[in-house]
Amino acid sequence: MITLDSSQRPREAGGPGRHIYPGKLVVFEGLDGSGKSTQAQLLLKYLSSRGYHVFFTEWNSSDLTSEIIRRGKRKNLLTPTTFSLLHATDFADRFERNILPPLRAGYLVICDRYIYTAYARDVARGCDPDWVRNLYSFAVQPDRTFYFRVPVETARRRKDVSRLKIKHYEAGMDLGLAKDVGESYVRFQGMLKRQYDLLAKSEGFHTIDAEQSIESLQKTVRGAIRPMLEGFPKEKVLIHES
Amino acid sequence: MSRRPAKPPTSAMGVFRESPKGGPPTYGYRIPGSDVSGLKGSLIVIEGSDGSGRTTECELLKDYLEVQGHAVLETGLRRSNLVSKQIDRAKQGNVLGATTLALIYAADFADQLENKIIPALSAGFVVLADRYIFTLMARAIVRGATREWASELYGFALRPRLTIFLDTRPEILMHRTFRTYKSLDFWESGMDIGLSRDRFESFFRYQALIKAEFDWMAKEYGFVQINGNRRPEEVHRDVRECVDRITGRTHLESFR
Chain A
1 MITLDSSQRP
11 REAGGPGRHI
21 YPGKLVVFEG
31 LDGSGKSTQA
41 QLLLKYLSSR
51 GYHVFFTEWN
61 SSDLTSEIIR
71 RGKRKNLLTP
81 TTFSLLHATD
91 FADRFERNIL
101 PPLRAGYLVI
111 CDRYIYTAYA
121 RDVARGCDPD
131 WVRNLYSFAV
141 QPDRTFYFRV
151 PVETARRRKD
161 VSRLKIKHYE
171 AGMDLGLAKD
181 VGESYVRFQG
191 MLKRQYDLLA
201 KSEGFHTIDA
211 EQSIESLQKT
221 VRGAIRPMLE
231 GFPKEKVLIH
241 ES
Chain B
1001 MSRRPAKPPT
1011 SAMGVFRESP
1021 KGGPPTYGYR
1031 IPGSDVSGLK
1041 GSLIVIEGSD
1051 GSGRTTECEL
1061 LKDYLEVQGH
1071 AVLETGLRRS
1081 NLVSKQIDRA
1091 KQGNVLGATT
1101 LALIYAADFA
1111 DQLENKIIPA
1121 LSAGFVVLAD
1131 RYIFTLMARA
1141 IVRGATREWA
1151 SELYGFALRP
1161 RLTIFLDTRP
1171 EILMHRTFRT
1181 YKSLDFWESG
1191 MDIGLSRDRF
1201 ESFFRYQALI
1211 KAEFDWMAKE
1221 YGFVQINGNR
1231 RPEEVHRDVR
1241 ECVDRITGRT
1251 HLESFR
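Sequence lines, in order, name chains A and B. Numbering-wise, the numbering used here puts 208 at position 208 of the first sequence, and it's gapless, one number per residue. Numbering-wise, the numbering used here puts 1047 at position 47 of the second sequence, and it's gapless, one number per residue.
To be clear, the hints were calculated from the coordinates, so they are not data collected in a lab. Glycine included, C-beta positions come from ideal geometry on N, C-alpha and C. Keep in mind that the hints are not guaranteed to be accurate.
[Said to hold, decoys possible] Covered by chain B, per the in silico footprint, the following chain A stretches (three or more residues, Cβ under 8 Å): (1) 88 to 98; (2) 133 to 147.
[Claimed, not checked] List of simulated lysine-lysine pairs, DSS-like, C-alpha gap at most 27 Å: (3) B/Lys1085 / A/Lys73; (4) A/Lys159 / A/Lys75; (5) B/Lys1091 / A/Lys75; (6) B/Lys1085 / A/Lys167; (7) A/Lys165 / A/Lys73; (8) A/Lys73 / B/Lys1091; (9) A/Lys75 / B/Lys1085; (10) A/Lys73 / B/Lys1116; (11) A/Lys75 / B/Lys1116; (12) A/Lys219 / A/Lys236.
Could you put the whole structure together from the sequences, leaning on the hints where they help?
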């Protein structure tokens, strides 16, 4: 008799179910340049300073797939389906290693991008939404998902300021939307934004107008997290040092 | 955007199976960026455990089809340029979770489907697949995935024109494995699942679990089951018969 993997428990149709673990999962979503990573880092800092042991994981960062994805991207070998499946592999690896175990152990887990990034990107690339949802149905619903909503122009401007070169797939150049990278980028990001806006409703995101200053955004984030921390054990409680 | 039907439709023989009217020739989902309408060639799949005679039968069939004048492309699992190295490395260390492993296999399969199988079919080749999505689904399911998740995952796969399952008794699989490899393979014995620490015991338990999934899929996806407990030539005769039915051997006539 095989004991089922705990990630394979019954779930709601069409997506991951709620988790029953003692930990909390907080997710940051938004376009590139929406400021979500900055906000996630600042929250991490705050929580650590308050004595919580926090686990943090970023999209597309597992050792296993990063090399494949990098190579695939460089040579433009990826199709919408392989692009989607490789990112799902990356996510599954991090989920099985870095998200689920700390969640079960009762820790806070912060994710810079989560399955909704895939929902938005894969669907914009033409994958069937039902297929993508099934792909990620082994995951769990976050306790809180912050969506940093910005107009595409703002995101674009922030990217220009940071002087990062726009990459092929980031601009959706594989979709043939436009010959010019900049134009393709704006159109693709616009498609992603529409997907995010739809998800914000269906998935119950905490939408934040991300055109505000960094400080006031962080204030909003911390304010929203505080009630979640009531009665939540700090690290020294967990290891019996208090 | 087409939706997948609740159940893949099946016919009694599992051959001549057409896709639902208007739907893609896949198990329900379109492959974004790939046009798969009007593929000229045929996809033939041979499934079975290691030791079922699968690879031998593929070779015999390839020969048979080529003599008839068909161009044949052989394909198998874990051969794509994109990820095969990483899969080998990951298996070496046995460090991947079940879901991760299932997904990386799916990525590998998708790469082959789009870059190898579809182009060959559109060029009119017979594509002969030494294992297909069914092995991958069975492996994922015995490692804890649900049947529903696994079949949805592979909903973008092309429906084969014919899927043959070489049904072979575990004792025979075992003896053939010993003859060829001198030992029972770690993965083919399901040692990663922890069914038993004893490899001999684990092999039989694992093969029984896999067989149960193939039995389910044989009905669900319309396989032709061929008795694999016989000599290769005898099995080949049955394989030929199934294949003749789909090719109609009309090509042979046209070559005369």
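Evaluation of the provided hints:
Counting residues of the region 88 to 98 of chain A whose CB lies closer than 8 Å to any CB of chain B gives 7, which reaches the minimum of 3, so the coverage claim holds. Three residues within the 8 Å Cβ limit are the bar, and the region 133 to 147 of chain A against chain B gives 4, so the coverage statement holds. About 17 Å separates the Cα atoms of B/Lys1085 and A/Lys73, which keeps this hinted pair within 27 Å; it holds. Of the pairs offered as hints, the one joining A/Lys159 and A/Lys75 holds, with about 24 Å between alpha carbons and a cut-off of 27 Å not exceeded.
At roughly 25 Å between alpha-carbon atoms, B/Lys1091 and A/Lys75 fall within 27 Å of each other, so this suggested pair holds. For the hint pairing B/Lys1085 with A/Lys167, the CA-to-CA distance comes to about 26 Å; that is within 27 Å, so the pair holds. Pair hint A/Lys165 plus A/Lys73 holds up; C-alpha atoms about 15 Å apart against a cutoff of 27 Å. Pair hint A/Lys73 plus B/Lys1091 holds up; C-alpha atoms about 24 Å apart against a cutoff of 27 Å.
Distance check on the hinted pair: A/Lys75 and B/Lys1085 sit about 17 Å apart at the alpha-carbon level, within 27 Å; holds. Between A/Lys73 and B/Lys1116, the direct Cα distance comes to roughly 19 Å. Compliance with the 27 Å bound is thereby established for this hinted pair. For the hint linking A/Lys75 to B/Lys1116, the alpha-carbon distance of about 17 Å falls within 27 Å, and the restraint holds. Between the alpha carbons of A/Lys219 and A/Lys236 the distance comes to roughly 26 Å, so the proposed pair stays at or under 27 Å and holds.
In summary, the structure agrees with every hint in the numbered list given earlier.
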